[in-house]
Amino acid sequence: MYKTILMPTDGSPCSLQALEHGLSLAKALGAKVHFLYVLENPAQAIWIAPESVPYGLELLEDLKKAGEEAIAK
1 MYKTILMPTD GSPCSLQALE HGLSLAKALG AKVHFLYVLE NPAQAIWIAP
51 ESVPYGLELL EDLKKAGEEA IAK
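Number 73 marks the last residue of the sequence shown (the UniProt record's numbering); no jumps.
Don't read these hints as lab results, they were simulated from the structure.
Just so you know, not all the hints are guaranteed correct.
[Claimed, not checked] Computed cross-link-like contacts, SDA-like style, restricted to lysine to any residue with a CA-CA straight-line distance of at most 20 Å: (1) 64 to 15; (2) 65 to 30; (3) 3 to 28; (4) 64 to 28; (5) 65 to 8; (6) 27 to 59; (7) 64 to 7; (8) 64 to 24; (9) 32 to 7; (10) 65 to 28; (11) 65 to 24; (12) 32 to 19; (13) 32 to 70; (14) 3 to 24; (15) 3 to 34; (16) 3 to 20; (17) 64 to 38; (18) 65 to 32; (19) 65 to 36; (20) 3 to 25; (21) 64 to 27; (22) 64 to 25.
Using the sequences and the hints, build the whole thing.
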């Protein structure tokens, strides 16, 4: 039926419930799972002023860490 399941999350309780359902479905079907962390405000990751590069790099690292933590849940 499904060979691959995309499981987006923003770390919210509702998305974590959806992940549980998606993982159960993937296990039952023997499907591969791909996780996608969704930013609450994607504009933060897209636009970085040149004078804000040090801050921007820190922001990108924080966003990456938040995504990894959400997927780890």
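Structure-based check of each hint:
1. 64 to 15: This hinted pair holds, its Cα atoms lying about 18 Å apart.
2. 65 to 30: Cα-Cα ~29 Å, so violated.
3. 3 to 28: Holds - the C-alpha atoms of residue 28 and residue 3 are around 11 Å apart, at most 20 Å.
4. 64 to 28: Cα-Cα ~30 Å, so violated.
5. 65 to 8: holds (16 Å)
6. 27 to 59: Judged against 20 Å, a Cα distance of about 35 Å means the pair is violated.
7. 64 to 7: Roughly 17 Å separates the two Cα atoms, so the pair holds.
8. 64 to 24: Distance ~26 Å between residue 64 and residue 24 Cα, so the pair is violated.
9. 32 to 7: holds (10 Å)
10. 65 to 28: violated (30 Å)
11. 65 to 24: violated (26 Å)
12. 32 to 19: holds (13 Å)
13. 32 to 70: holds (19 Å)
14. 3 to 24: Holds, because 14 Å separates the two Cα atoms, which is no more than 20 Å.
15. 3 to 34: Satisfied, since the Cα-Cα distance of roughly 11 Å is no more than 20 Å.
16. 3 to 20: Holds, because 18 Å separates the two Cα atoms, which is no more than 20 Å.
17. 64 to 38: holds (11 Å)
18. 65 to 32: violated (23 Å)
19. 65 to 36: At roughly 13 Å apart (the allowed maximum being 20 Å), residue 36 and residue 65 satisfy the hint.
20. 3 to 25: holds (11 Å)
21. 64 to 27: violated (27 Å)
22. 64 to 25: violated (27 Å)
In this structure, the earlier hints numbered 2, 4, 6, 8, 10, 11, 18, 21, 22 are contradicted, and the remaining ones agree with it.
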